[in-house]
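*Asks:* As they're listed, the protein sequences go chains A and E.
Each residue of the first sequence is one higher than the last, beginning at 109 in our numbering.
Each residue of the second sequence is one higher than the last, beginning at 5 in our numbering.
Hints were generated in silico from the structure; no laboratory data involved.
One should not assume that every hint holds.
Claimed, not checked - So the derived label-pair ranges between C-beta atoms look like this:
hint : chain 1 : residue 1 : chain 2 : residue 2 : range
1    : E       : Ser217    : A       : Ala328    : 49 to 59 Å
2    : A       : Tyr369    : E       : Gly117    : 43 to 53 Å
3    : E       : Lys225    : A       : Glu344    : 48 to 58 Å
4    : A       : Gln184    : E       : Ile120    : 30 to 40 Å
Unchecked claim - Residues of chain E placed beyond 10 Å of chain A at every Cβ, according to the derived structure:
hint : residue
5    : Ala57
6    : Arg63
7    : Ile71
8    : Gln126
9    : Trp227
C-beta atoms are modelled at their ideal positions from N, C-alpha and C, and glycine is treated no differently.
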Amino acid sequence: MADFSPERVGIVTESTGNEVLRIEHLHKEFEGNVILKDLNLTVRKGEVIVVIGPSGCGKSTLLRCVNALEDIQGGQILLDGRPVHSGAKDITLMRQKIGMVFQSYDLFPHKTIIQNVTLAPCKVQKRPRAEAEQEALELLERVGLADRRDDYPRQLSGGQKQRVAIVRALCMHPEILLLDEITAALDPEMVHEVLDVVLSLARSGSTMLIVTHEMAFARAIADRVLFIDEGEIVEESTDPKEFFTKPETPRAQAFLKTFDYE
Amino acid sequence: MQSLGIDVLFKGTNFLRLLEGLWVAVRISLISVAISIVLGILVGILMTSRNMAVKAIFRVYLEIVRIMPQMVLLFIVYFGTTRVFGWDLEAETAAIIVFVFWGTAEMGDLVRGALISIPKIQYESAAALGMSRGMAFRYVILPQTIRRLIPLSINLITRMIKTTSLVMMIGIVEVLKVGQQIIEANRKVSPNAAFGVFAVIFLMYFLICWPVSRLAVWLEKKWA
Ligand SMILES: Nc1ncnc2c1ncn2[C@@H]1O[C@H](COP(=O)(O)OP(=O)(O)OP(=O)(O)O)[C@@H](O)[C@H]1O
Ligand SMILES: [Mg+2]
Numbered sequence: 109m110a111d112f113s114p115e116r117v118g119i120v121t122e123s124t125g126n127e128v129l130r131i132e133h134l135h136k137e138f139e140g141n142v143i144l145k146d147l148n149l150t151v152r153k154g155e156v157i158v159v160i161g162p163s164g165c166g167k168s169t170l171l172r173c174v175n176a177l178e179d180i181q182g183g184q185i186l187l188d189g190r191p192v193h194s195g196a197k198d199i200t201l202m203r204q205k206i207g208m209v210f211q212s213y214d215l216f217p218h219k220t221i222i223q224n225v226t227l228a229p230c231k232v233q234k235r236p237r238a239e240a241e242q243e244a245l246e247l248l249e250r251v252g253l254a255d256r257r258d259d260y261p262r263q264l265s266g267g268q269k270q271r272v273a274i275v276r277a278l279c280m281h282p283e284i285l286l287l288d289e290i291t292a293a294l295d296p297e298m299v300h301e302v303l304d305v306v307l308s309l310a311r312s313g314s315t316m317l318i319v320t321h322e323m324a325f326a327r328a329i330a331d332r333v334l335f336i337d338e339g340e341i342v343e344e345s346t347d348p349k350e351f352f353t354k355p356e357t358p359r360a361q362a363f364l365k366t367f368d369y370e
Numbered sequence: 005m006q007s008l009g010i011d012v013l014f015k016g017t018n019f020l021r022l023l024e025g026l027w028v029a030v031r032i033s034l035i036s037v038a039i040s041i042v043l044g045i046l047v048g049i050l051m052t053s054r055n056m057a058v059k060a061i062f063r064v065y066l067e068i069v070r071i072m073p074q075m076v077l078l079f080i081v082y083f084g085t086t087r088v089f090g091w092d093l094e095a096e097t098a099a100i101i102v103f104v105f106w107g108t109a110e111m112g113d114l115v116r117g118a119l120i121s122i123p124k125i126q127y128e129s130a131a132a133l134g135m136s137r138g139m140a141f142r143y144v145i146l147p148q149t150i151r152r153l154i155p156l157s158i159n160l161i162t163r164m165i166k167t168t169s170l171v172m173m174i175g176i177v178e179v180l181k182v183g184q185q186i187i188e189a190n191r192k193v194s195p196n197a198a199f200g201v202f203a204v205i206f207l208m209y210f211l212i213c214w215p216v217s218r219l220a221v222w223l224e225k226k227w228a
């Protein structure tokens with residue numbers, strides 16, 4: 109696969125130590141229902157963290173809190189030591205440093221592929237169109253979609269759309285990428301082409317926080333695995349192989365069992 | 005062979021009068037449509053408001069417009085209000101008031117529908133890319149809303165053009181009325197004039213509304 113080295117891809121990290129994201133005592137409720145309880149997490153530069161857990165345990169909510177798509181009821185989220193908060197004045201600036209890809213790709217249907225990718229770089233970051241387009245094309249080339257630049261999203265398959273969505277996020281030069289079950293809506297034969305892109309991003313040093321139900325992928329890519337249940341980190345492991353073969357907690361054991369068919 | 009009664013149109017200024025009548029109908033609808041679009045966009049945005057009172061008021065307004073025959077509205081405004089309030093209202097002004105009252109409600113509902121049909125995740129994708137609310141609205145939400153809106157509002161426009169035929173009921177001499185006058189005047193000499201004249205009027209309405217509705221179909225396909 110293509111070269112996704114940080115310089116090429118443009119993932120930039122400021123030199124404030126190697127800590128990118130810090131979540132402290134995060135508390136999240138929806139109308140009185142506690143979704144995340146006193147959650148703490150530190151993500152260092154270049155680290156790939158995979159979050160797994162049963163449906164409804166709060167994985168998506170966690171990612172959405174990180175870029176303030178959800179407001180939080182307690183604790184704080186720091187990116188490069190600066191708080192990320194939905195009401196903050198600099199929230200649009202902070203969000204530019206946090207790339208996010210959703211399960212349902214959510215490209216802009218009225219814009220072509222190249223316009224989807226360059227819209228935010230041109231309008232938000234005010235970069236020159238030619239420069240943004242050139243970078244967009246290079247990145248599209250790397251995911252094998254440069255020839256689709258003038259197509260509309262509806263002309264692409266799910267897997268292709270998801271690769272465009274990844275490129276769209278990368279083009280903003282984020283410091284960290286949040287991926288929320290980006291293959292969950294895809295037909296099985298398309299899962300691979302998307303996960304390959306993510307794998308090569310990981311190899312080239314991108315910092316990522318990934319929610320997935322693809323256990324083999326999680327095991328292959330994770331530097332650290334977090335198992336969340338009922339809004340809490342139940343088990344955390346820096347040895348994915350160990351975790352996936354012999355989880356320590358009964359809850360993680362029970363969860364991983366549901367993926368066995370033997 | 006029986007005469008089709010088209011010949012009466014070539015007598016004197018008859019055809020010209022018919023065209024003048026058509027212009028009256030088109031003028032009333034153009035003015036009403038233009039005002040309705042502007043007010044409709046405002047009303048549509050207000051209708052998406054979370055304020056229950058605002059919502060309820062527009063709901064009632066829309067229902068009134070939907071259940072009241074346009075003819076009744078015309079009578080109320082032209083004959084009713086002029087009596088009660090004693091003001092002097094020209095028939096054409098009364099017609100425009102009624103059409104705007106109707107068009108604004110329908111247009112507002114179309115705008116509301118288009119706005120809420122844009123999935124929430126489109127706002128979120130834009131926000132996640134660092135766009136402000138204004139940017140997201142301008143570059144992401146509004147273009148999609150307009151695309152959904154244009155074909156629908158064109159259908160509303162053709163409906164409004166057609167409905168202008170009612171304004172003769174409050175004494176406006178538009179194309180249909182002119183047609184009736186021509187037929188009346190020639191009843192003796194050309195008893196079949198009714199066929200010829202109404203057929204030509206049909207053609208005139210067709211020539212105006214057909215391109216407009218084709219445009220809607222074309223845009224709908226293009227932006228599907
Ligand atoms: N906008 C909302 N309003 C109220 N409750 C919500 C909202 N969004 C999520 N929840 C609730 O929060 C809990 C966590 O949801 P979340 O989507 O984070 O789960 P998840 O771990 O991502 O699940 P899945 O694996 O199915 O995607 C669920 O119980 C869900 O019903
Ligand atoms: Mg989820």
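*Asks:* Flag every earlier hint the structure violates by its number, smallest first.
*Replies:* 8, 9
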